[in-house]
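Participant: Start from the sequences, fold in the hints, and give me the full structure.
Here's the letter readout for the chains.
Number of protein chains: 2
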Amino acid sequence: MINYPNRKVVTTLPKQSTNEQKSPNIKKSRLGVNFEDMINDSNAYYLRKDLAVIHKKPTPIQITKVDYPKRSSAKITEAFYKVPSTTDYNGIYKGKYIDFEAKSCNGKSFTFNNLYHHQIEHLKLVEKHGGISFLLIRYNDFEEVYIVPTKMLYEKYQESFNGGRKSLAYSFVKENAYLVPTGYAPMVDYLQIIDNLYFKENKDV
Amino acid sequence: MINYPNRKVVTTLPKQSTNEQKSPNIKKSRLGVNFEDMINDSNAYYLRKDLAVIHKKPTPIQITKVDYPKRSSAKITEAFYKVPSTTDYNGIYKGKYIDFEAKSCNGKSFTFNNLYHHQIEHLKLVEKHGGISFLLIRYNDFEEVYIVPTKMLYEKYQESFNGGRKSLAYSFVKENAYLVPTGYAPMVDYLQIIDNLYFKENKDV
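Those protein sequences? They're chains A and B, same order as listed. Counting from 43, one number per residue, gives the positions in the first sequence under our numbering. Counting from 43, one number per residue, gives the positions in the second sequence under our numbering.
Calculated directly from the structure, the hints in this document are not laboratory data. Take these hints with a grain of salt, some might be off.
Claimed, not checked - Below, computed lysine-lysine pairings styled on DSS-like, alpha-carbon distance capped at 27 angstroms: (1) Lys124(A) x Lys145(B); (2) Lys242(A) x Lys136(B); (3) Lys242(A) x Lys170(B); (4) Lys136(A) x Lys117(B); (5) Lys107(A) x Lys124(B); (6) Lys166(B) x Lys124(B); (7) Lys145(B) x Lys117(B); (8) Lys166(A) x Lys136(B); (9) Lys124(B) x Lys117(A); (10) Lys112(A) x Lys91(B); (11) Lys170(A) x Lys136(B); (12) Lys170(A) x Lys91(B); (13) Lys145(A) x Lys208(A).
Computed from a predicted structure; not experimentally measured.
Facilitator: So this is what it looks like as structure tokens:
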């Protein structure tokens, strides 16, 4: 059995910083972490059932100071969050390389500002090299999760530079993207949709 | 062009800790980082040439304290290195999922203690799911890099529990594993060996 420590990575505020938690950005990022837990649980489920080997990448940190209180142990005393170079999740499913970014948002649209340009380019590159890549997005207010395939994401993203809207509207996603079944085991069964899209005879992506 | 910040991750001692750098363990880890730089350079080369999309995963860190000197920026003030849950590198090459751990060692043998059990199990699992996985190992004293395919690694690892040696001897690796061409661009051309092993008609792995 493989260890699965990633679930415990603290990527948001520690609980004592109650003042900060009131700002909208912080609230949003906390919702993001909940979605992250749902995905990590799903990946742990897939691993237990021997269906797929997909892990969250660690949060990239720039370490600037390290103390050595004991010879054997290092304590990091100064570090900063870095911009991720790729996406959050990758791995293998049915022999195929899987790569996706996961985001959650409040309200009726997800603004492209929440993705880095190079992350979208990375998703595109993965697809070009024969992998399966997508955005896994949760519209919190609707409690719905969707797979937005890279091709669809990229088209909308490019339109945003040519007068199109700067966001993925819930209404568009609901109509055009793929609703992911959610429940308890796994909590976010995104591989069921990947099966339909990429491993059935009538592929429609 | 995708950002490639991983090269600058500080995974070893900052330079000011000169006392510590004299211990053998630290020396070894510094050599490890040099090898890491070589691999990161190679991956950046593969990416530039549009041959493969392979990245180093960030070093996993357990964050325990965060300060917010400004509203917009977080400063981590206490954190610890964590045990990695999987391997250092993964990505996609010619449509195949690639996953490997990279290690360097001094002397004539690489002891299995330098790998976590679950990392070896992870490599095995990747292979089972149809990916390509291996150990990329540098014997520093010989300035040679080898690919040890997971099957070979696993056999030797299992033998180590049944009276076999607890390490990968340089002599064994030289005779049975695959020497990787090293140079300037790319510095460690491991995909050339992967080509020979997995993408030629006479596959011998």
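Participant: I'd like to know which numbered hints this structure contradicts. Please list them from smallest to largest.
Facilitator: Violated hints (numbers, rising): 4, 7 and 10; every other hint is consistent with the structure.
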